[in-house]
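Enquirer: Letter by letter, the chains look like this.
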Amino acid sequence: MKKNTIWCWVIGVGCWLMASCNSTPENVSKVDQLPNIYPDYIGVTIPAEMAPLNFDCPDADCVDVVVKGSKGGELHVQGDYADFDIADWHELTQQNKGGQLTFTVCTRKDGQWQQYNNFTVNVSTYALDEWGLTYRRIAPGYEVFSKMGLYQRDLATFDEYPIIENTQVPGMCVNCHSARQTDPSKFVFHVRGDHGATMFQIDGQREWLKASNEQLGGSMVYPYWHPNGKYCAFSTNQTRQGFHMVAHERIEVFDLSSDVFVYNPATHEIIKDSLLSTPDWSENSPVFSPDGKTLYYMTCKQQEYPMHYKDEKYNLCKIAFDPATGKYGEKVDTIFNAVAMGKSLTWPRPSYDGKYILFTLMDYGYFSIWHQESNQWLLNLQTGEARELKEINSEKADSYHNWNVNSHWIVFTSRRGDGLYSHLYLACVDDKGHFSKPFLLPQRHPKEYYDESIFSFNVPDFTKTKVVFDAYNAGREIASDQRVETKVK
Amino acid sequence: MLKFVYYLIKTFVKSDFYATFASFMKRAITKYWNLYLSILVGIGVFMFWYVAYSHALSYQEQYQLFLWTGDYFAERVSVPGGLADWLGEFIVQFYYVEWLGALLLALLYVALQRLTARLLPQKWGVLSLVPVLMLWWLMGDINVLLSLPVAIVLALALACVMPRRYSWIDAAVLPVAYWLIGPIVWLYIVVRAIQLGWKHLWTAGWMVAVQLMVYAWLLPQWPLQQALTGLNYYRIPLHYPQWSGYDKDMYELIRMDYLVRHERWDDIVKRAGEYRVNTPFWSNCVNLALSQKRLLADRMFDFYQSGEDALVMPRTRDLTSMLPSAEAFWRLGMVNSAQRYMFDTQESILNARKSGRCTKRIAECMLVNGHYTAVKKQLDLLKKSLYYSSWANSVILSDDWVNAQPEYRRLRQLRYKENFLYSYEEMDKMFGLLFMNNTDNKMALDYFLAQMLLKGNLKGFQQYLGAAQQYGGYRQMPLCYQDVMRCIQMQGNVHGSPFANYAKRMMGGQQQ
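Protein chains in written order, with my numbering: chain Y, 1 to 489; chain X, 490 to 1001.
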């Protein structure tokens, strides 16, 4: 009996070893095509600091990958999917900065090995000067949400950390987080729900502002820090949602009205101006130029909603801002006329080197994640010319974006995966303003991760360092409803 | 003959056999009374949930989607009380088959009774029924999750198996037990203190320290109150079980929802005649059932109508209210609205669980709308469940397959062709447009006219009554419409008119 048991074990382990993925590719047949890998990392450009580009070959039982650096170094992995050791990967990418990694992929299917054409990945010379990303994760729903929160991701590894989740205060929604030029020592986000507030954390000190101000006529929305950290621009929006009735449309977001203002956290003052609070126009989504002397925002002629929601179309405007006095200029200039093109512009984001404004263009409205046609555009501030970024766009809602601090990397959301769930993509920008092929944010086991994730990733931004946020006490403070009043100057 | 029988009985009673038998029975009852009690508990619990409250099982089952994956298990056991939570959900998934769910519940209650009996002195054995009865009453609160009774049973089982001689072992056992079953481990501490004496109360201090350490180091995203009292015993965070028992009206609504879920339209109409709950939810269920039997136009005002929300409720942030409305939208062909109501219902589950019922309907909506790439996620989830996997596995992501399903093909024909934005306030117009979109959609016609009546739009009703006659397929004018026309002609003075009664109630703002 004992002997039989041992034999059973031997046979079982033997079968397992034979079936498992640990054999050297033999009798390999060559296939004259690129391998079908997920995510599609073929030909992308990555920062040397980026986590390994693990990938799956969905059709294969076993994957054997050899990566060779043009400046030396080699990696070899074999398994159910390409799973690189983080330290080895970084050693290889650091060694090959400015060079290329060549991937040789063999797959085994039904016992037969096949080798595909090699593909390359460029390792950029541009450093990634940030620790990671921050984003909101939420199911792409309608008006109700269950578990959601703000998260941060170490870009050098696969580690993700919650900043705050709504388990702290049930029913709470957190949104629109923003850091000063990717530096989280100045950090802001909103809390929506019964315990609504706007949270400011400046050098570790938290302050919870009353969610809405009667003089303002609403709550603070869409924040953007001034480069000196002494101001934060916001809009205040009377936002409504509409729900489409046909198959290919889902949600529409429109503002009955909106204005733009600047908030001074030191004095709790809201600095308004009649040019930014016009009665017939909706001003929205303000951002500062990197020198802090210009406030960009988008503006739209107010329509009768929801009847004429398709006529909600935004242009990009600017107004001078004096950081010393906190005063606005006296004239508004339109710097990109999207309406003349029959389009609508949204989410302007100036690069921190002052060269460009990246924005999203869509048919109408401004809430681009629900518009499949939305695409990324780049406005060259030196020439005034704008162009569609065809090299990074897709057919499925390319939307919310941000720059890293050296302005050579962008992160943006796209629904190109399945048309519904927004995922994060990164792309490199060279000195001439050319964008590389975007790549999906790497995960340890990307196929499993993205297939099983039932969340969208919203409002991504780079973060220079890990966000230090005391969620324990923040939860208590949110629930306490103790709020600081703001005042209109 | 009678004499003979009398003689036999007398002989039997007087005989030694009788004495032996009586003695045997007495000993058997004394010896096995606990077993009989357990059998009694088991049968009682089974009959209660299978016969009387099977709809309550369905209700609990529809607010979770148990996945047979390692990740799902790991996610559950990553917080204190996770094993009890996982086991609770494991059992609840079988509620899909009502007799099996009731049987598993019965076994759980029997385990509770027997463990209690084992911990009690033998002479107090009958007291083992007390926790059973208390738990039974507590589970009348629909938000009590099965993880609570599971945790209680596990705590008592632990108390039964732990050696009394080595009480110090609790220093190691308590943190593990706390992680697996949550703060119910305090029950174990109390039982051990009773068993081992008050000197054993040091474990209470140790437990407080363990809970605080776990909170400080491992639960940064949870409030202290919840970390101390349990993360997953109750569906609503930071709320606690109520000793409310089995509220008749609430369980009647749950029964209605259950009957809607299983498309038992005749049972709904029958039940509605026997008992009513004056809420929009009840009206939604009854009207949906009437429409499916094509009785809406004849009988809708024979039943309680809550008002303009009697056909479809506005969006409400809770996990139940929108379900019959979503079911109505689905059958009407308002697929986007059905998907939205189902999605918001699912997202309203405050312990952030998914719903097998909602996920399946959301997937169906996506299939009808042809969103084949996005629906994969929903299907992949369902494929990992026990009772929804067969359907999910049968789906083929192609127009040919969808069009081959009669229900989906019909819904594709009924859908709106021209886009506009949903407006609850203009529900009658939306029903009207839906009917105009496809005049075979008789349910839309019925809902269109019914919504106008509920709103009191008699002019509109008269205007479109012709459509009812032309497209409704009625042999004669439906009784309800006849009644309305009489009311219009008699200016409401129609004695015994169901519609006149409704109109008076609405005008008076009274709730019957």
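Just so you know, these hints were derived from the structure itself, not from any lab. Incorrect hints may have been included.
Just so you have them, the derived chain Y footprint on chain X, three or more residues with Cβ under 8 Å [stated by the list, open to error]:
id: 1; segment: 860–874
id: 2; segment: 900–909
Listing some non-contacts, in silico: residues in chain Y with all C-beta distances to chain X over 10 Å [said to hold, decoys possible]:
id: 3; residue: Gln115
id: 4; residue: Asp129
id: 5; residue: Lys147
id: 6; residue: Phe243
id: 7; residue: His244
id: 8; residue: Arg250
id: 9; residue: Gly292
id: 10; residue: Pro306
id: 11; residue: Ala320
id: 12; residue: Thr383
id: 13; residue: Leu420
id: 14; residue: Asp431
id: 15; residue: Ala471
id: 16; residue: Arg476
id: 17; residue: Val488
Ideal Cβ placement from N, Cα and C applies to all residues, glycine included.
Enquirer: So, against the hints stated earlier in the document, which numbers end up violated here?
Expert: 5, 6, 7, 8, 10, 13, 15, 16
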